[in-house]
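Student: Here is what each chain is made of, one letter per residue.
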Amino acid sequence: MKKLDKDSLKKLRDKLRRSSRSSIILRVGLGTCGIAAGAEDAVKVIEKELKKHDIKDYEIQRTGCMGYCYCEPNVEVLMKDMPTIIYGNVDEGIAKKIVVKHLVHRKLVDGHVVDRPAPDIWEKQ
Amino acid sequence: MTSYYKYYAIICPCEEDCSGRTSEEIYEAFMREVDEQGLEDTVQIVMGECEQVTEKGPLMKVEPGEHLYHNLSLKNISKIVREHFGQDKPVKKYLYEPPAKENIRLPDSDFYQSQFRLVLRNCGVIDPEKIDDYIEREGYAALAKVLSEMSPDDVIEEVKEAGLRGRGGAGFPTWMKWKFTRQAEGEPKYIICNADEGDPGAYMDRSTLEGDPHSVLEAMAIAGYTIGAEQGYIYIRAEYPLAIKRLNKAIAQAEEYGLLGENILGTDFSFHIELRLGAGAFVCGEETALIASIEGDRGMPRPRPPFPSVKGLWNLPSCINNVETLANIPVIMLRSGKWFASIGSGDSKGTKVFALTGKVNNSGLIEVPMGTSLREVIFNIGGGIKGGKKFKAAQTGGPSGGMIPAEDLDTPIDYENLSKLGSIMGSGGLIAMDEDDCMIDVSKFYLQFSVDESCGKCAPCRIGGQQLFGYLDKISSGLATPTAIDRLRTISETMQKASLCGLGQSTPNPVLSSLKYFEDEYTEHIDEKHCRAKKCRDLVRYNILSEQCIGCGLCKVRCPSDAVIGEKRKPHEIIQEKCIKCGECYKACKFDAISFG
Numbered sequence: 001m002k003k004l005d006k007d008s009l010k011k012l013r014d015k016l017r018r019s020s021r022s023s024i025i026l027r028v029g030l031g032t033c034g035i036a037a038g039a040e041d042a043v044k045v046i047e048k049e050l051k052k053h054d055i056k057d058y059e060i061q062r063t064g065c066m067g068y069c070y071c072e073p074n075v076e077v078l079m080k081d082m083p084t085i086i087y088g089n090v091d092e093g094i095a096k097k098i099v100v101k102h103l104v105h106r107k108l109v110d111g112h113v114v115d116r117p118a119p120d121i122w123e124k125q
Numbered sequence: 001m002t003s004y005y006k007y008y009a010i011i012c013p014c015e016e017d018c019s020g021r022t023s024e025e026i027y028e029a030f031m032r033e034v035d036e037q038g039l040e041d042t043v044q045i046v047m048g049e050c051e052q053v054t055e056k057g058p059l060m061k062v063e064p065g066e067h068l069y070h071n072l073s074l075k076n077i078s079k080i081v082r083e084h085f086g087q088d089k090p091v092k093k094y095l096y097e098p099p100a101k102e103n104i105r106l107p108d109s110d111f112y113q114s115q116f117r118l119v120l121r122n123c124g125v126i127d128p129e130k131i132d133d134y135i136e137r138e139g140y141a142a143l144a145k146v147l148s149e150m151s152p153d154d155v156i157e158e159v160k161e162a163g164l165r166g167r168g169g170a171g172f173p174t175w176m177k178w179k180f181t182r183q184a185e186g187e188p189k190y191i192i193c194n195a196d197e198g199d200p201g202a203y204m205d206r207s208t209l210e211g212d213p214h215s216v217l218e219a220m221a222i223a224g225y226t227i228g229a230e231q232g233y234i235y236i237r238a239e240y241p242l243a244i245k246r247l248n249k250a251i252a253q254a255e256e257y258g259l260l261g262e263n264i265l266g267t268d269f270s271f272h273i274e275l276r277l278g279a280g281a282f283v284c285g286e287e288t289a290l291i292a293s294i295e296g297d298r299g300m301p302r303p304r305p306p307f308p309s310v311k312g313l314w315n316l317p318s319c320i321n322n323v324e325t326l327a328n329i330p331v332i333m334l335r336s337g338k339w340f341a342s343i344g345s346g347d348s349k350g351t352k353v354f355a356l357t358g359k360v361n362n363s364g365l366i367e368v369p370m371g372t373s374l375r376e377v378i379f380n381i382g383g384g385i386k387g388g389k390k391f392k393a394a395q396t397g398g399p400s401g402g403m404i405p406a407e408d409l410d411t412p413i414d415y416e417n418l419s420k421l422g423s424i425m426g427s428g429g430l431i432a433m434d435e436d437d438c439m440i441d442v443s444k445f446y447l448q449f450s451v452d453e454s455c456g457k458c459a460p461c462r463i464g465g466q467q468l469f470g471y472l473d474k475i476s477s478g479l480a481t482p483t484a485i486d487r488l489r490t491i492s493e494t495m496q497k498a499s500l501c502g503l504g505q506s507t508p509n510p511v512l513s514s515l516k517y518f519e520d521e522y523t524e525h526i527d528e529k530h531c532r533a534k535k536c537r538d539l540v541r542y543n544i545l546s547e548q549c550i551g552c553g554l555c556k557v558r559c560p561s562d563a564v565i566g567e568k569r570k571p572h573e574i575i576q577e578k579c580i581k582c583g584e585c586y587k588a589c590k591f592d593a594i595s596f597g
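The listed protein sequences derive, respectively, from chains A and B.
Note that the first sequence covers residues 1 to 125 in this note's numbering.
Note that the second sequence covers residues 1 to 597 in this note's numbering.
Quick caveat, the hints were computed from the structure, so don't treat them as lab data.
Beta carbons are placed, not taken as given, at the ideal position from N, Cα and C, and that holds for glycine.
Hints may contain errors.
[Unchecked claim] Distance condition first, Cα-Cα at most 30 Å in a straight line; then the derived DSBU-like pairs of lysine-lysine:
#, chain 1, residue 1, chain 2, residue 2
1, B, 338, A, 11
2, B, 75, A, 52
3, A, 44, B, 245
4, B, 581, A, 2
5, B, 75, A, 10
6, A, 101, B, 89
7, B, 89, A, 51
8, A, 56, A, 6
9, B, 245, A, 6
10, B, 145, A, 107
11, A, 96, B, 6
12, B, 338, A, 107
[To be verified] The calculated label-pair distances, taken between Cβ atoms and stated as ranges, are:
#, chain 1, residue 1, chain 2, residue 2, range
13, B, 151, A, 92, 53 to 59 Å
14, A, 92, B, 523, 32 to 38 Å
15, A, 11, B, 338, 50 to 56 Å
16, B, 248, A, 54, 34 to 40 Å
17, A, 11, B, 239, 56 to 62 Å
18, A, 15, B, 314, 57 to 63 Å
19, A, 54, B, 239, 41 to 47 Å
20, B, 516, A, 22, 52 to 58 Å
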């Protein structure tokens with residue numbers, strides 16, 4: 001890997017921003033807290049279900065703690081034409097529902113929607 | 001494929017609105033209305049887990065468009081369904097408009113949430129193990145800006161203008177620390193990141209490092225450039241294996257990109273970061289003890305001055321900053337110190353991350369602007385006290401902090417106000433307590449912690465802590481005499497004045513602040529041998545109410561110490577001398593025939 005300088009760092013950032021990401025992004029909170037609450041199990045179920053429904057254009061983003069200690073594990077679903085939704089208390093059953101109901105049938109999984117606590121400071125420029 | 005529904009609406013599940021309507025009723029009314037108007041394939045309405053502005057409730061967020069309806073009542077439902085979902089015209093007059101917040105100034109005040117995520121900006125958003133994720137979100141842009149456009153003095157000026165103060169507890173101005181270290185004589189100089197987080201109930205730094213390690217690395221490089229250091233250490237406890245793994249990965253990735261290491265970003269500035277693992281002693285969060293630990297000695301503090309900025313690691317100038325303090329730096333550099341200073345209140349600028357735990361409904365890792373009231377934190381963000389119990393006090397600052405009673409719920413949280421109340425900001429643990437918590441029991445818990453963690457170097461801390469704990473133990477077991485309270489005060493004052501380091505000086509804080517606000521509970525324990533929260537085992541008595549007891553014998557079977565006597569079908573009795581107060585009989589009884597208190 002070539003070392004970056006100021007300009008190439010900026011170019012890299014611009015390139016990263018332009019590059020199209022998958023049409024479905026699933027963010028899973030995998031801090032110590034999320035892992036302890038079973039987030040890894042949720043990821044396994046999600047991957048299995050995505051395969052079953054032949055969804056390939058997706059990305060699972062393994063993030064740190066999202067801050068919702070009271071309803072771990074958490075999965076945030078970002079996809080085109082659907083509101084961005086954060087789900088809480090995602091056990092294996094809910095993980096399956098997220099794929100079948102939200103991703104395939106485009107319906108929200110009732111009872112597990114969590115509110116985003118604060119706006120993104122980088123988006124509020 | 002497009003979305004199934006045209007609209008998605010999320011209703012907040014707050015308990016009830018002013019008219020006593022629960023959001024359940026509102027939800028059902030919406031469902032009926034949607035059915036009646038034949039819009040069931042246009043909109044999906046779901047119940048959310050939590051929206052935050054409960055006094056504005058019930059709330060409904062409609063996507064797309066992020067429209068937020070508040071104060072929903074049965075009256076306005078049909079209009080919203082008809083016009084918004086039926087005719088695509090949001091009903092403006094029912095939409096929530098954020099009011100200007102008192103006490104708190106915010107740069108973007110057009111949102112309804114109480115939280116503001118600056119330190120946690122990337123936590124839960126990026127993959128901490130992918131440097132590209134960080135770079136995409138302005139990562140290392142601050143470092144590039146500093147190296148190419150700013151002199152070290154410019155950086156110090158910017159941090160000064162920001163008014164950033166240390167987030168580790170004491171609140172010392174960061175720019176001063178940087179300036180002193182920059183001006184101190186001696187080469188090389190060091191930057192140390194204090195990630196030795198050890199208060200019970202605190203996990204802010206762990207979450208930050210696990211979720212966004214690069215922000216701390218970037219800030220350390222900026223600090224290194226500013227004070228003239230080429231080496232940085234992160235002192236982190238070995239109990240945080242995931243944070244360590246992610247930090248090491250982040251350092252390797254940053255070095256590969258030339259963002260750490262030799263000739264950063266093609267300039268002649270070089271900066272290296274290494275981890276130093278601590279074995280988890282609480283005292284090692286104290287800066288001189290931390291330095292001793294990095295040097296390979298036993299983690300014990302030494303008197304200051306000289307301060308570490310003059311004589312620190314290997315007796316050379318060292319600047320020690322907390323994880324959260326550092327995580328603020330890149331944003332300050334990119335957005336300006338002035339922008340940062342516009343957030344917060346009084347002399348406390350910016351935000352504070354809290355690990356909100358205890359008896360709240362929604363525990364969580366939260367970040368609020370300085371100056372937010374405790375009421376907002378506990379009742380809006382935390383969703384109130386579990387089980388509808390009464391809020392009694394909040395504990396901030398862990399074993400070095402104190403209690404804030406219910407009367408002071410509306411005090412804005414900042415450094416000055418907390419110290420006026422006899423507590424401290426601390427690193428950010430915030431534990432809510434309800435009527436079932438006994439203040440003596442809580443103080444005992446913290447004292448036990450501090451006594452265990454005392455390094456033993458100075459007598460006031462080593463002996464004083466033990467004595468304080470001894471008196472608390474006597475009080476909670478009903479053996480104390482009325483002089484105990486005076487003794488607690490005298491020992492506490494001595495410890496505050498004579499202890500060598502912050503650990504000993506702050507050990508009495510939980511005792512003093514609980515005495516300040518809950519002295520009646522202390523006297524109740526001492527004079528009446530009564531614990532109103534029923535927590536102090538030795539003061540609690542279990543009794544069988546003979547009129548309720550049918551003599552089923554369940555308690556007798558369950559009792560591990562054969563303290564229950566009585567014949568079948570006749571009222572039983574507890575022999576107090578034999579009772580070990582385990583509560584098994586109370587749990588076993590199906591006829592509410594056992595009382596305790």
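Student: Are residue 75 of chain B and residue 10 of chain A close enough, with their CA atoms no more than 30 Å apart?
Tutor: Not OK: residue 75 of chain B and residue 10 of chain A at ~54 Å, beyond 30 Å, violated.
Student: Kindly confirm whether 52 to 58 Å is satisfied by the beta carbon distance between residue 516 of chain B and residue 22 of chain A.
Tutor: holds (56 Å)
Student: Starting from residue 245 of chain B, check that the Cα of residue 6 of chain A is at most 30 Å away, please.
Tutor: Measuring from Cα to Cα gives roughly 28 Å; hence the hint holds.
Student: Does the hinted range 57 to 63 Å hold for residue 15 of chain A and residue 314 of chain B at CB?
Tutor: Check failed, 43 Å falls outside 57 to 63 Å.
Student: Has the hinted range 50 to 56 Å been met by the Cβ atoms of residue 11 of chain A and residue 338 of chain B?
Tutor: violated (29 Å)
Student: Next pair to validate is residue 101 of chain A with residue 89 of chain B; report whether the Cα-Cα distance is within 30 Å.
Tutor: Satisfied, since the Cα-Cα distance of roughly 28 Å is no more than 30 Å.
Student: Has the given pair, residue 44 of chain A with residue 245 of chain B, been kept, meaning a C-alpha gap of at most 30 Å?
Tutor: holds (22 Å)
Student: Check whether the Cα positions of residue 89 of chain B and residue 51 of chain A lie no farther apart than 30 Å.
Tutor: Distance of about 40 Å is beyond 30 Å: violated.
Student: Next pair to validate is residue 145 of chain B with residue 107 of chain A; report whether the Cα-Cα distance is within 30 Å.
Tutor: Violated. Residue 145 of chain B to residue 107 of chain A sits at ~45 Å, over the 30 Å cutoff.
Student: Verify the proposed pairing of residue 581 of chain B with residue 2 of chain A, using a straight-line Cα cut of 30 Å.
Tutor: violated (69 Å)
Student: Holds or violated: 56 to 62 Å for the Cβ distance of residue 11 of chain A and residue 239 of chain B?
Tutor: violated (40 Å)
Student: Just to be sure I understand the hint, the distance between the Cβ atoms of residue 151 of chain B and residue 92 of chain A should be within 53 to 59 Å; is that true here?
Tutor: This hint holds: roughly 56 Å between Cβ atoms.
Of the numbered hints given earlier, the model fails hints 2, 4, 5, 7, 8, 10, 12, 14, 15, 17 and 18; all others are met.
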